[in-house]
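Asker: Here is how the chains run, residue by residue.
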Amino acid sequence: MAPENWISTFRHGVHPDEHKEGTESLPIERVPFVESYILPLGQHIGAPSVPVVKPKDRVQRGQLIAKPGGFVSTALHSPVTGHVTALANRRNAMGDLVPCILLEADPYATQRFEPRAPVDWRALSSKEFVDQTQMAGLVGMGGAAFPSHVKYVPQEGKPVRFLVVNGCECEPYLTCDHRVMVERSDRVVRGIEILATKLGAEKTVIGVEQNKEDAIEVLQAAAAGAPVPVEVAALKVKYPQGSEKMLIDAVFKTEVPAGKLPLDVGMVVNNVATIAALADWFDHGRPLIDRVLTVSGPAVSRPANLQVPLGTPVRAVLEYCGGLKSETRQVVMGGPMMGSPLSSLDVPVVKGTSGLLAFTDADVFDGDTYTCVKCGRCLDACPNFLNPCMLAKLARAGRIESMDEFYASDCTFCGSCSWACPSGIPISQLIKVARSAMAQRKRKEVRQ
Amino acid sequence: MNNLAWIFISSLLVNNFTLAYFLGLCPFFGVSGRLVTAFRLGLANIFVMVITSLCAWALNTFVLVHAPYLRLISFIVVIASTVQFVEMVIKKLYPALFRALGIFLPLITTNCAILGLALFQTSRGYGLVEGLVFALGGGGGLTLALVLMAGLREDAELSDIPSMIRGTAMNLMIAGILSMAFMGFAGLFSSS
Amino acid sequence: MKVSDPALLLRTAPFLRRNLTTPALMRDVIYALVPVIGASIWFFGVSAILVIVAATAGAMLTEWRFTPEGKGGAALADGSALLTGLLLALTLPPGIPLWMAFLGGVIGIGLGKLVWGGLGHNLFNPALVGRAFLQAAFPTVLTTWALHGGPSDFLAVRGANLAFPLLQGGVDAVTTATPLSMMKFDHNAVPAAALFLGNTAGSLGETSGVLILLSGIYLTVRRMFDWRIPAGVLLAAAIFSGILFLVAPDRYPTPLFTILSGGLLFGTVFMATDPVTSPLSPRGAWIFGAGIGFLVVLIRVFGGLPEGVMYAILLMNGATPLIERAVQPRPFGRGKHR
Amino acid sequence: MAERDGGDIYREFAKGLWKENPVFVQVLGMCPMLAVTNSAINAVAMAAATMFVLVGSSFLVSLLRKVIPKQVRISTYIIIIATFVTLADFTLQALSPSVHKELGAFIALIVVNCLILGRQEAFASRNGVLLSVLDALGMSFGFAIALLCLGSLREILGSGSIFGFSLCGPHFEPWVVMILPPGGFFMLGAILLFFGWWKEMKAKRRDSVTGRVA
Amino acid sequence: MSTPVSIGDGVETPREPGGARMIATLALAGLISGVAIVGVYELTLPTILANRARALKAAVLQVVPGSQTMKPFTLDGGALVEATDDTPVEERIYAAYDEGGNLLGYAIPGEGNGFQDVIELIYGYDPKERKIVGLQVLESRETPGLGDKIRKDAAFVANFDDLSVDPEVVVVKNSHKTKGNEVDAITGATISSKAVVKILNVTNDRWLSHLGEK
Ligand SMILES: Cc1cc2nc3c(=O)[nH]c(=O)nc-3n(C[C@H](O)[C@H](O)[C@H](O)COP(=O)(O)O)c2cc1C
Ligand SMILES: Cc1cc2nc3c(=O)[nH]c(=O)nc-3n(C[C@H](O)[C@H](O)[C@H](O)COP(=O)(O)O)c2cc1C
Ligand SMILES: Cc1cc2nc3c(=O)[nH]c(=O)nc-3n(C[C@H](O)[C@H](O)[C@H](O)COP(=O)(O)O)c2cc1C
Ligand SMILES: Cc1cc2nc3c(=O)[nH]c(=O)nc-3n(C[C@H](O)[C@H](O)[C@H](O)CO)c2cc1C
Ligand code: SF4
Ligand code: SF4
Ligand code: SF4
Ligand code: SF4
Ligand code: FES
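Residue numbers (this note's numbering), protein chains in the order written: chain A, 1 to 448; chain B, 1 to 192; chain C, 1 to 338; chain D, 1 to 214; chain E, 1 to 214.
Next comes chain A alone, as it looks inside the complex (with noise of 0.2 Å):
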C-alpha cells in the first residue's frame, strides 16, 4: 500500500474558489506583545488544564501555568513575561463563558525565550516521550486541537508504519501551514525524524496539495537530507483534502473503517505546524506559546500571515493588520468552510486557531434557500459518502432517531455538502444540530 500515484486524491468532495493569492507569498510576520493575554484552560479536546499560578504570581516566557487535567489533556505556558491579573472566566470564540488564566504583559521585560540544551529524545521510553510530549502543550493545530502526544502511546498490536504529515490545507483563504511548510521545512522534517523514529514508522508521507508547489519543492528538497525515509505526496486540490482520513485515502488508497481511528490501519497523522512545535520543543524545550494563523477576507484592510502568541485577543491582531472595513458583517474564527463565527472580537487566539477571516454582507452566503430538488451535489460531494440531502430531510422533519440509519454519526460536518446545494439548504448545520440533540437525548437516557 506504498503511494504510487502522486497526483491522487480522495473521492468526492469539492473545489470552491481558493482565495490564496492574497496571502500565500507573505512571508510570517510576528505581531507585537500587547498589554493583555487571555489564556482558556480548554484550548483542546479533552479536560481542561489545571493552573498551577495565582493571581499576581510573576511568570516568565514558556513558563507552565497549567499542568494536564488529565490523560486526554494538555499543558499551559505562558506566552508572555509578565504577571496573572486574575483565574476568571471569559468568552471563547463560541460564546461561552470558560475558565481563563489572565496575564498581564511586563512593557519592561526582553520577553526572549531562553532555550534549554535540546533532549536526548532518541534515549526516552515511549512512556517517557508521551509525557514529554504532553508536558509540551502540544496538540493538534490542524483545526481539532486534539492533544497530540494522545495519538503516540503505542497500542497493542497496532503498529505505526506510516507516519504521515498534513500539510493539505484544503480551506479556503488559509495558508499558514503553507508558509510553515515554505519557511521552515528544516523544523518540519527535524519535527518527523524524531517523531518518526519514536514511533517507529517505515517512512513518512507529507500530503500536500498542488497549489503549493514551491512548498513541495522546498519539503521535497528538505526531506532529501532526512535521517528517515520522507516522500512529499502531491495532492490534487479539493476540499477537503486535510480531513485526515481522506488525505489517508487520498496517499494511500486506504479507507479508514467508519469509526476507527488511523492508528487502525497503521498509521498517524500530524499537521506540519504540530511537527514543527514538537522538533522546538525537543530541540530548545520550547513549548507552545504561539501559533502561526493567517488573518485574510475580504474585508480585512491587510492580509497576511502571523505569528501570534497565544491568549492575545482577536481584536489586537485584527488592528495590527490595519483593521477591519466598515462594511464588515462576519469574522471567522478558522477557515471559511469549519470556523466559527466570532460574536465578539474580544476572544483570544487560541492553539487551535489557524485563522482569522472578515467578510462584508456581499461575500458570504446568503443567497435565498428553496427547497430540495434532489439533485443529487450534496452526495457527489460528500467525503464520507453519505446522503447530505436525507440526513437534511430527517433533521428538519425532527426524524433525529431515524438518522442514525443513514449514518449520521459519520458526518464530519466538513460543510462540502451545504456548499454545493443549489438550492442554499444548510445541510451540514441542520445535521450539526440534529447530531447535538441526539447527543442530548442519549446523555439524558443514561442519567435516568
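Simulated from the structure, these hints should not be mistaken for lab results. In this text, a Cβ means the ideal position worked out from N, Cα and C, and glycines have one as well. There could be a bad hint or two in this list.
Stated by the list, open to error - Now the in silico label distances, taken between C-beta atoms and shown as ranges:
| id | chain 1 | residue 1 | chain 2 | residue 2 | range |
| --- | --- | --- | --- | --- | --- |
| 1 | C | 68 | D | 20 | 27 to 33 Å |
| 2 | C | 156 | E | 175 | 22 to 28 Å |
| 3 | B | 97 | E | 154 | 56 to 62 Å |
| 4 | C | 68 | A | 327 | 31 to 37 Å |
| 5 | B | 97 | D | 20 | 35 to 41 Å |
| 6 | A | 122 | C | 223 | 37 to 43 Å |
| 7 | C | 197 | B | 97 | 25 to 31 Å |
| 8 | C | 223 | A | 346 | 42 to 48 Å |
| 9 | E | 162 | D | 26 | 53 to 59 Å |
| 10 | C | 254 | E | 176 | 23 to 29 Å |
| 11 | B | 95 | A | 404 | 26 to 32 Å |
| 12 | A | 326 | C | 77 | 29 to 35 Å |
Dock chains B, C, D and E with the ligands against chain A, hints included.
Answerer: Just chains B, C, D and E with the ligands now, with coordinates in the frame of chain A:
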C-alpha cells in the same frame, strides 16, 4: 400469449387487483405506512390467496354444483376456517414465519381481495391451475401496489404536504397517480 | 488603528457557497429547450405556439394561485412551473384543443406538484402527471396526430386547437399516423433519417432527434443532470429491442428505430432526468434509467399502446423510493464496495 | 341500556349522515364505493343493497345479541350478513339484471364491507333493536349520500350525464378518466381535500374571531 | 375498512367450555340462514332464469336477423345435436328459425382477450351464404369512448352484418375495406377491433365445419 401467462400478467399488472379492481383497499391504505410491514402483508396476502383459490376450486367442483345458492356463505366460512387452520399449522411448524406473517392473517381473511378472488375465479370458470395462477398474479399485484405505495408514503412523509390534504386524501391522490401509471400496461400480451 | 465592533452576524459554517442556484438550474434546462421549441414551431406553426402558451399559462397560473399565501410570486420566480408547462406542452399533440392543454398544466402543477408541497416534494413528474391525466381523460384526442408541415402552412391552425372549453373539436381534423403506430399496427418502419431530422408526425417536441440530442449534450456538459439516467435508458432500450430484433427482425423494430421514434429521446433527456423524481444515488440512477428503457420497449412491443415513455417514467418514478432504499450509498469506511 | 329520549334517538340516526359519515369521516367501505361509483345509478343500487344488508343484519344481531356467545359472535355476524347479501344478490338479479351485471361481484363483496361488520361489532351488539336499526339507517344513508355524491360527480364529468340523462349536450367532451379507476381515487381524494380545506377555513375564521375578542 | 378481527375464531373453539352452546348457536345461525337463502332462491330463481333466457333470446334473435325462435345445439362426437339441460353453457350454440320454422342461421357465443379484459360476444352465422350476419358484444371492459365503440359504434357493428368468412376475416385500417371478408377498424381502437375479429376467427374454426347446410 398463452392463457396462463395472460391470466398472470393481467391480474398482476393490467387489471391489478388494487389499482384497477379496487380490491383490498383496506390493507392498501391501512398498512402501507411502512415499507417492511407492507411487504410482509403482501406476502401474507399471496399466501392466503393461494389457499383461497384452492378452497374455492374445491368448493366449486365438489359442493356448489349442487347448491349454488350457498356460494357466498360457504366461501367465507370455509376460507376463514382454512386460513385459521393453516395459521395454526404454521405456528407449530415454522414459528419464525408465523411471527413475520401471522399477525396479518386474520386481517387479510376478511378483506375483499380474498373473497373477490374466489368470486372472480368462479365467475370466469377457472380450473385448478388457472385459479392458482390467478391467485399468484392477484396476490403479486396487491403486493406490488402495496410496496410501491409504502415507499411513496414513506418519502411523502418527509415532504411539506399541506395540512388540508395530508392523510387519506393524499393517499388517494397517490393511489390515483399510481393507478394512472398502471394504465400503461393496458393491453399487455393480450393481442396483436 | 482601533477596531470598533462591527454589527457581527452569527451565521454558521460553511460561509461559502457554490454560485449555482436552483433557479439557475431550471433556467439552464429552459435554455436547452429553446431549440426544441423552435423546431416544434417550425414543424407545427402557430398551433405549436398556441399549445405551448396554453399549457404554460395553466401551469403558471396554478402555481401562482395555489401556492400557500405569500409564496406565489416567489414560487414562480424559480422557473420550475414554467419548465413544467413547457415540457408538458412539448409532449402534447399539435392539434389538441387549447383548453385541454391548459387543463393539463393545471393538473400537472396541482396534482403533480402542489398537493405534495410544491417544488422538490413531488414524487411523480408533474408534466407527465398532467399528460397522463389528459391521456386518460381524453384518449382519442391524445392519440390523434395532426399533419406536420413546414413554414408554408405556418398560420394553419391544426386539428381541434380552437375547440370551445369542455366541448369536442367538432370538425374532423386531417390526421395522420405516427411512426410508432405505423410500426405497431402496420409493421411499417419510418427511416431513421426522417426520425432524426424530425419531419414526422408526433408530439410537438419529440419529432427532431438531432436537436434533442444536442440539448442533451449541452445539459450533460453543464452537469445539469445525472448522465447515468439517459445512459441507462438508452442502453436498456437498445439492448432489449436489439435482442427482440435479432430474434425476429421482421416483427420487431431495430434498436435505432426504437431510440429515435416517439418520445423516447425527449423523455430521456428532459423528463427521466428530472432530479426531483429520480433517484439520487449513482447506482439508483442506473437502475432507474434501465427500468425506463426496459418498460418502454415492453409497452411498445407487447402492450396495447404504441408508445410507453410516459408510463415508463411514471412507473419508475413510483419505484424510486424503493430504488433509493435498495441502493443507499455506502459510507466511507464501511465495507468493501462502493 | 338506559332509557333514551327522542333527542337521543334522532342523534343515533343523524350522526351517520354527516358527523360520523362512514365514507367521508370514517373512510370505511372504500372498495365497493370506488368500484361502483362510475355512474349515479350504480351508486344508488349499491347504496340500496348495502342499506338492506346493514339494516337487516343490525336488526337481527341486536335482537339476538344476548343469545350469541361472545366467542362465536363474529362468525355468527358473518353468517347473518352473508345471508342478507345473498338475499340482496338474488333479489337484484331478479329485479334488474342489467344493474346486477354492472355491479358484478361487488354486491357479493358487501359481505366484507367493513362498515357493516363494524356496525355490528360497535353498535348493534350493544344496543337495543330500535336504536340499532336507527343507527344502521343513519349509516346507510350516510353511505348512500357519499356514494351518490361520488357517483354523480364521476358520471357528470366522465360521461356528461346524470342517471343516464345527458346534461351538457352531445358535444361535451367527456373526461373518461373519471369513470376509470384513477378517477375514483382522484374524485374521492378531491372531495376529502375539499373537506380539509373547508375545515381549515372554518378554523381560521374562528381563530380570527376569537383573536379579536382576546 | 375491514376491522382486524378473525372471523374464524369460532372454528377452533369447540374444545373450550361452553363449546356445545357455541356449536349450537352457529348451527342454528347456519340453519336459519340456509332456510332464508333457499327460500329466496326458490322464490327468485324462476325470474332470474327467465331474465337470462330472455336476454339470451333477444341477443340470438338480434344477431340472426328475421329469426323468431331458437333452439340450443351442441357438438357430440363431431355431430351437431340438440343440447340438453346438462350441456354447459360454453358448449352451446343456438339455431335460429323464422316463424315458419326455417333455419336462418346460428348464433355463436365467443370470448377472448380484449384491450383491457375479456370480451364476450355472440354473432349470427348464415351457413348457406357462409357469412356472418350480425354481432353483439355481451360483456367488455374496454375503455369508454375508445374500445367500447365495439359495442356502441353503429358503423363498426355494421361491419358484421354482411361479412364473408372465406378466407379468414381480417382487419383493415382507415376505412380501406374493399373485400367481403374485411372489417374496418375503429380509429383509435385498433386493438379492440382486432380482438373482436380474432375471437370471431377462433370461434369460427371451432364451429363452422360442423354447421354445413342442414
Ligand atoms: C473536514 C476536515 C478538514 C480538515 N482539514 C485539515 C487540513 O487541511 N490540515 C490539517 O492539518 N488538518 C485538517 N483536519 C484535521 C485532520 O483531520 C487531522 O485531525 C489533523 O491533520 C491531525 O493533525 P494534528 O493533530 O496535528 O492537527 C481536517 C479535519 C476535518 C474534519
Ligand atoms: C443547444 C444549446 C442551446 C442553447 N440555447 C441557449 C439559449 O437559448 N439562450 C442562452 O442564453 N444560452 C443558450 N445556450 C447556452 C449558452 O451557450 C451559455 O452557456 C449559457 O447562456 C450560460 O447561461 P448562465 O450564465 O445563465 O448559466 C445553449 C447551449 C446549447 C448547447
Ligand atoms: C387511456 C387509453 C385507453 C385506450 N383504450 C383503448 C381501448 O379500449 N381499445 C383500443 O383498441 N385502444 C385503446 N387505446 C388506444 C390504443 O392504445 C391505440 O392507440 C389504438 O388502438 C391505435 O389505434 P389507431 O391506430 O386506429 O389510432 C387506448 C389508449 C389510451 C391512452
Ligand atoms: C434536468 C431537469 C429535468 C426536469 N424535468 C422535468 C420534467 O420532466 N417535468 C417537470 O415537471 N419538471 C421538470 N423539471 C423541473 C423541476 O424539477 C420540476 O418542476 C419539479 O419536479 C417540481 O417539483 C426538470 C428539471 C431539471 C433540472
Ligand atoms: S479545513 Fe481542515 S483540512 Fe482544511 S485547512 Fe482547515 S484544518 Fe486543514
Ligand atoms: S527553533 Fe524555534 S525557538 Fe529555536 S530559534 Fe527557531 S523558532 Fe526559535
Ligand atoms: S458535512 Fe457531513 S454530510 Fe455534509 S459533506 Fe461533510 S461529511 Fe458529508
Ligand atoms: S444538494 Fe441540496 S438540492 Fe441537491 S440534493 Fe442535496 S440537499 Fe437537495
Ligand atoms: S372494503 Fe375492500 S378490503 Fe376493506
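Asker: Tell me, in ascending order, the numbers of any earlier hints that this structure violates.
Answerer: The structure conflicts with hints 6, 7, although it agrees with all the remaining ones.
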